[in-house]
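Below, each chain spelled out in residue letters.
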Amino acid sequence: MEIMYILYGLLLIVSTILSLKIVKLYQIFVLHFVINFLAVLLLQSHKDLYGLGLISTYITFFVSIKFLKDKYNVDTIYSIEGLVHKIPLFSFIFRGVTLMLGLFPPFLHSNIVYLNLLTSKNNVVVLDLILLLLFDFIVFMRLTNNIIFGKPNDKIVYIDISKFYSFFLILLLILNISLGVYILLNI
Amino acid sequence: MNSVVFLIPFIPLVIALLILFIDYKKVIPKISIFFSLLIAGLSIYGTFQQFKYNTPIISENKLLSFDRLSSILTLYVAILGIIIRKYSYKYMWDEPGYKRFFILLNFIFSSIYFLLMANHILIIMLAWIGLSLSLFYLLSFRSDSKSAVYFGSLAFWFHRLGDLFFIISMVLIVRRMDNLYLSDLKNLWLSSINLDLELAAIFLVLAAMCKSSIIPFHFWLPYTSEGPTPVSALMHAGIVNVGGIILNKFAYLFLHTEYALNIAFIFGLITAILASMIMLTIPDVKRALGYSTVGQMGYMIMEVGVGAFSLAIYHLMVHGIFKATLFLESGNVIHQARKEPNITKSFSYKVFLEEERKFNKNFQFLIGVVVLALVLLTVIEFLSKKDLSNYYAALVFLAFGWLTSFQLFNSFFKVSKEQSLGILISLVASFTLIVIIYSFIGLAFENYLYGENYKKLFEAANLSFGLVSVAILFLILTAVVMWALSYYSNYGENGKTNLKNKVILVYRILYEELYLRKLFLSLFKMR
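From first to last, the protein sequence lines are chains A and B.
Using the working numbering, the first residue of the first sequence is number 50, and each one after it goes up by one.
Using the working numbering, the first residue of the second sequence is number -10, and each one after it goes up by one.
If you are wondering where the hints come from, they were derived from the structure by calculation, not from laboratory data.
We put the CB at the ideal spot given by N, CA and C, even for glycine.
Don't take each hint at face value.
[Claimed, not checked] In the DSBU-like style, the derived pairs of lysine-lysine whose C-alpha atoms are separated by at most 30 Å in a straight line are:
hint, chain 1, residue 1, chain 2, residue 2
1, A, Lys212, B, Lys88
2, A, Lys70, B, Lys507
3, A, Lys170, B, Lys275
4, A, Lys73, A, Lys170
5, B, Lys75, B, Lys19
6, B, Lys41, B, Lys444
7, B, Lys88, A, Lys204
8, B, Lys135, B, Lys14
9, A, Lys120, B, Lys88
10, B, Lys51, B, Lys507
11, A, Lys135, B, Lys175
12, A, Lys200, B, Lys15
13, A, Lys212, B, Lys444
14, B, Lys445, A, Lys135
15, B, Lys88, A, Lys118
16, A, Lys200, B, Lys88
17, A, Lys200, A, Lys115
18, B, Lys175, B, Lys15
19, B, Lys51, B, Lys444
20, A, Lys115, B, Lys41
21, A, Lys70, A, Lys212
22, B, Lys88, A, Lys170
23, A, Lys200, B, Lys445
24, A, Lys204, B, Lys14
25, B, Lys445, B, Lys175
26, B, Lys41, B, Lys51
27, A, Lys200, A, Lys118
28, B, Lys51, A, Lys96
29, A, Lys170, A, Lys135
30, A, Lys212, B, Lys19
31, B, Lys14, A, Lys200
32, B, Lys135, A, Lys115
[Said to hold, decoys possible] Partial list, derived from the structure: chain A residues whose beta carbon lies under 8 Å from chain B:
hint, residue
33, Gly100
34, Phe111
35, Phe153
36, Leu167
37, Val175
38, Met190
With the hints as extra help, turn the sequences into a complete structure.
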């Protein structure tokens, strides 16, 4: 098991360097999914809830990048910026997505990672979880600074996400947060 | 009935949720202010309960607690919150994202309240991280400006480094103590001896240094002036104090360490002196104010380093009120200047802009001799006593006197044209009054927050005679050298160009912010 933790740690280091270079949204999706899915090996408790948190995260992330691709033909993180000024509903949802990807509280899988970080007795596991936080933080910063923030382009006609999809995605966000808070109340 | 105080951290979240569904702009700040008055009311009730019963109120699930430290700080933050929301009502009116601003403001206040009232280590950790995140969103509020986003991101990187140190510290504490509740940990720390918690304490000090902008983690603070004025006020008055607050929350941890408080003392002292000196060379007013805050935070951490934990709390509150006033007033002045460019005649105009009066060179020399004599007398007094542990508070006042007078007199005499004996006497008198009030209230805080345990914290600081001597010598040497450089740069004869070049070199090092600006800007090229 120890060898697996060390190998995962090395994979995290490589992925962190890769996360600084890749620009395509689908590549970021796949890399983030693989790394965070494999993190279940490190967890001592609440693995099932962690998986549930990840599912809601990746559904919302996938729908968001599909929306950007369909409406604005956006493939990379540099193709569009300043969405917070033009399409507030989608920006609100995408902000939630980036927070989930960045392992920020009070989301379900984030709280589980921090709980395992505090209670783990294995130093390699703690180190791996810290590297995971670093990797997720870099993904968060790249998505936030390049898509949500920035100066919007006046030549683009911005169309916000439909209320139907937004209701579904916000519901997923709320479920994720509620379960996250539930975990905190029952620690 | 006492449990009603636990509503405090949730109320800002309720405000944020309500604002989300309100479109009518005028209602948004009114709801915010109304509920923040409720928070202030609950804080006053909780403080009254603490005065009456002197036992912390702990929630049923032990996740939150309301003790004496929480009572003072929640009240302080609640009042600050009311002022900032009231100010933002009109100031942010014409800015795009008015609703978003108030939502983010309430999130950051919620994080602060959770941090102040958390009893479970995980909740403290999540509140600590939530605070960094909310600050990043507020600093990058004007997200169409590349520099605002860049410096907001830079600040977030430093805060994340602080988060990393904090996480490591908490992991080490939980591993060693096998307990996740702060109330239990405090009792264990007070009743046990020689627990090996050195590394955990050092990482906690490093985390506090990142959040409170202590050298070498200070770079982010002076460059965050692109955020809205209320955010700058909140940051300088509230957020940067979090380092001192967390060290106070975990104060009894330091009873089981040898070197952690010494590290805080050294870095605090270096920051207090260097940041104050850099502040005097920076031409940009906002950056200069940033360095002024860095200096004061250095001083706060230094107070913790000598074991004066409660004094640090008092200092951060007073500094916070002063700085918030400064930033909010500067915003007002800018607004007024946009409407009316002519400066109104007032006392300030008379002091700073009228014709220069003749300055007596011998008078300045005399002041230098008198101050030097007083300092030497104090040092001899220190050295002649055998037991220095009673004089830690005096060391703090010595540093306070040096720093504040250095800033006060240099700023005043550098900027003003008025150099009369009357002004000098009034400055010295008000300064003396401040020191007396400072010491009186500091003692009151000591008894309120720590009772008899405050002596243990002073003993835990265990500053060695060597360290104290070096600190005093460093202070005296810096004061003498800077005074001499200042004197000879103004009055040196033409032949003394060597000395003038040295003055320019020292000035340049400070102006370039110890060359750290170039280093950090070249390291953090983000895209």
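Subject >> Violating hint indices (sorted, rising) >> reply: Hints 3, 4, 10, 11, 13, 14, 18, 20, 21, 22, 23, 29, 33, 34 are the ones this structure does not satisfy, whereas the remaining hints hold.
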